[in-house]
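Guided by the hints, dock chain B onto chain F, whose structure is given.
In the order they appear, the protein sequences are chains F and B. Those letters in the first sequence? Residues 1 to 230, by this note's numbering. Those letters in the second sequence? Residues 231 to 467, by this note's numbering.
Among the hints, erroneous ones may be present.
Claimed, not checked - Keeping only pairs whose Cα atoms sit at most 35 Å apart, straight-line, the calculated DSBU-like set for lysine-lysine is:
1) F:Lys15 - B:Lys373
2) F:Lys135 - B:Lys279
3) B:Lys417 - F:Lys71
4) F:Lys15 - B:Lys279
5) F:Lys15 - B:Lys417
6) B:Lys258 - F:Lys15
7) B:Lys417 - B:Lys373
8) B:Lys464 - B:Lys417
9) F:Lys141 - B:Lys258
Honestly, the hints are just simulated from the structure, not real lab data. As the structure is a computational prediction, the values presented were derived from the model and not from experiment.
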Amino acid sequence: MQIDILAQPANTITKITFAQNEEITAEGGSMVAMSGGLDVQTTTHKRGKRGIGRAVKRAFAGENIFLNHYKAERDGAHLYIAPNLSGDIMTHELQGGSLIVQATSFLAHEASVDMDVSWQGFKNMLSSEGLFWLKMSGTGKVLINSFGAIYPVAVDGEYIVDTGHIVAFDEGLNFSLSKAGKSWMSSILGGEGIVCRFKGKGTVWCQSHSPSGFGNALGRLLDPIVEHQQ
Amino acid sequence: MSDTNQTSPSVKPLTHVIEGRPDFAYLKVQLPAQETLRVEASAMQAMDKHVTMRTRLKGGFKRLISGENLFLNEFTAQGKEGELILGSSLPGDIKRLYLTQNGPALFLQSGSFLAASTGIETQTKFQGLIKGFFSGAGLFLIKCVGEGDIFFNSYGGIIEIQVENEFIIDNNHIVAFTEGLEYSVEKFGGYKSFFFSGEGLVARFHGNGRIWIQTRAMPPFFAWLNPFRRVVQKKRN
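Isolated chain B (complex conformation):
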């Protein structure tokens, strides 16, 4: 990322701790002097007074329709090391990965991005209409490349799965996966299973790599909650 700021990209892992796992996770980062962290809008909970925030418009149209916030905040520790506490709007887990130039890139479901150091470049990738509408991961994925820390969050706990050859994931439970894995959206089992198993469409991953899943998903929760809404009858004129 050449357009970001004057500081050089971080190539050292950030000192941090994730507390409250797995249900109410929050992240404490010790930002070295002059270091910058890119953070999803509204994820900042608390920080030292010498940490400053700058809001940037990111990515424009793609980001607007990808379900991410249009704005990203950049937090910089001015003059000396500063502490920053971050969390997600949903109760759940936080996972940290350190990406390297030679290692595989990371694909994130668009709502899962929490923060990244300046050495990480994020690109919004269109999934194609079929995958996008039916995969549950959204029309866009965020591809993270470069060297540095990346933090992502979930609804519910995060479970890491080591994939060799093949793995099937309920589409609402995908959080992130490494480059080298390909997926297709398929029906679950035979036709009887597809219609009646309660699973519907699933994502079938091929290749070798790692996948992170979340232990709960929002759409089934809403489907359960909806019948509890009141019903109001109105006369049509």
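Same shape as in the complex, but just chain F:
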């Protein structure tokens, strides 16, 4: 499988060229174009696994609950996938470890990678951004997209990242959610809300812009939706 990342950096797209029988699983709605010779199956979760419970979890997680599985019937079949919003795409190669991906940053994974939607690392605290998380494990490539640019931060010790800017992180890192400032008042008034404190050694990938921040900024300027009451 050959993965080419094209038209970087603001409106990036991925071209995947398959050998026969190779498979990839992509987020529903991400297909831009594809050649003939690809079999498409839409499932709630990984093909061959009963996925109703997982689909419900994914629906609850605010992520599109449907995944498209593409399988090549011949060599050279190819597929173009991209996210809806502007931003970049990166490839991450898993070699037995696990990666936690923010749900809206997930684009695709190879068939050899296992995706778990029930990861509940942040379960005890409601994230202000309404973000949810997917756990990728196994070996193989994962494609991740960002809103804006993606930049890695090497954590050695302790590091603080705003939850709206986390794209993905090594599962080996310890983390906890907390307020950004000394008090809740300063955290909320300062617009930072909840941040994630990472501890240990590993990498966190961040995005230069937060989708909810951009949406809120634009939404205020648009005509309001008028609801009529009786």
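Same frame as chain F, but now just chain B:
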């Protein structure tokens, strides 16, 4: 095009450069003396002082409902070579093609036309209601024939695809394609995929030729943005 002007149609490629690709592309054209370029309304950003503009009403009713501007501007370099800088209202890419009399015609999605030299004739082609409403490319396509330069623009980057036999494109991502390709609007995959894949209807192209797609599309962006609008409650009298 016999009704255009006194100058003979250009049959030489225009000297030009496209900068700022792929996200904020703009086009610089060196227009030879007395040469004319047809440009989509409001696409001119800057030009030499001896380049003059004439606004023409184009095509009338068809153009009115095809989503293009009713007016086309014609820019002419008076007396000596002149520079003209053009761009699109959406951030994205610009692609240039040189068409020949014997080569295939080009079909453009109606909002993608940026500019063409006078040797190119543009015709607005009705797509039929089913294709028009569901293809995402609009009710009309612009067919470009003749010999000369054609420039088109996109939202996001432009990717060129060489098609042999068959290709499927998400309907919102079609920018342009060459004559010789036919397309039909179909559901994506089986019925389960059609309803739940998030892809819905797609355009299936048949034949041999080239297609240009854009890496982003406006409708999904609006669909994402809409929930961020404020909600105002009003009492009904």
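These are the hints, each one checked on the structure:
A hinted pair counts as satisfied when its Cα atoms are at most 35 Å apart, and lysine 15 (chain F) with lysine 373 (chain B) qualifies at roughly 29 Å. Pair hint lysine 135 (chain F) plus lysine 279 (chain B) does not hold up; C-alpha atoms about 60 Å apart against a cutoff of 35 Å. A C-alpha spacing of about 18 Å is found between lysine 417 (chain B) and lysine 71 (chain F), which places the hinted pair at or below 35 Å, so the restraint holds. Using a Cα cut-off of 35 Å, the hinted pair lysine 15 (chain F) and lysine 279 (chain B) is violated, with the two alpha carbons roughly 44 Å apart.
For the hint linking lysine 15 (chain F) to lysine 417 (chain B), the alpha-carbon distance of about 22 Å falls within 35 Å, and the restraint holds. Of the pairs offered as hints, the one joining lysine 258 (chain B) and lysine 15 (chain F) holds, with about 30 Å between alpha carbons and a cut-off of 35 Å not exceeded. Restraint check: the Cα-Cα separation between lysine 417 (chain B) and lysine 373 (chain B) comes to about 26 Å, which is no more than 35 Å; the hinted pair holds. The suggested pairing of lysine 464 (chain B) with lysine 417 (chain B) is violated, with an alpha-carbon distance near 40 Å, which exceeds 35 Å.
Pair hint lysine 141 (chain F) plus lysine 258 (chain B) does not hold up; C-alpha atoms about 41 Å apart against a cutoff of 35 Å.
Comparing the model with each numbered hint stated earlier shows that hints 2, 4, 8, 9 do not hold.
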